Amino acid sequence: MGFGRKGAAPRFVHADDVEWREVLAQDHAGRRVSVREKWLELTPRCMAFLAEWDPGMTVSLHGHYATNTIFVLSGSMTVGDRECPAGTHITLDIGVPYGPLTAGPEGVTLYEVMVGDPTPWHADPEGYDRLLQERGIAKLPNPPLDLPDWIEDQRKLYSGETG
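Per full-length UniProt numbering, the sequence shown starts with residue 1, numbered consecutively.
Derived by calculation from the structure, the hints in this document are not laboratory data.
The structure displayed is predicted, hence computed values, not measured ones.
For each residue, glycine too, the CB sits at the ideal point set by N, CA and C.
If a hint is listed, it holds; no wrong ones were tucked in.
Label pairs and their in silico Cβ distance ranges:
| # | residue 1 | residue 2 | range |
| --- | --- | --- | --- |
| 1 | Arg32 | Ala8 | 36 to 44 Å |
| 2 | Glu83 | Glu22 | 20 to 28 Å |
| 3 | Pro85 | Val18 | 22 to 30 Å |
| 4 | Glu83 | Ala8 | 35 to 43 Å |
| 5 | Glu134 | Leu42 | 28 to 36 Å |
Using the sequences provided together with the hints, build the complete structure.
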């Protein structure tokens, strides 16, 4: 006897059928730098997406209420002091902080899967602000984003917005 859910079926999505959405933006010496994502799956139990980061994009030390796997498809990034070139696989258990993250000189393309609640939490907001100031990076207002009701938009830290 096998394991299975009655009536459940595989879900198929082709990346070409999903639009890129800008989720985060910064000003780097007058140049807009962004993170764009294609959400291939987004449920309260799982999120899978492709992400493109422009060169130099910097994200804070943070974690998620989910087990997170990240695969670097192209380009490179640093996670803390660790260089992560194409081909690097990163596994983060629930509650493990990582970062700050910075896209390399060619930018970075990632495939990420989070099993659990993908809502982020921020480990060092003051340190992030200092890092951005040291690098001459300015936070920009968050791009509009249509999120499901069950997930809270935590991008305020990245934009400096309140409320």
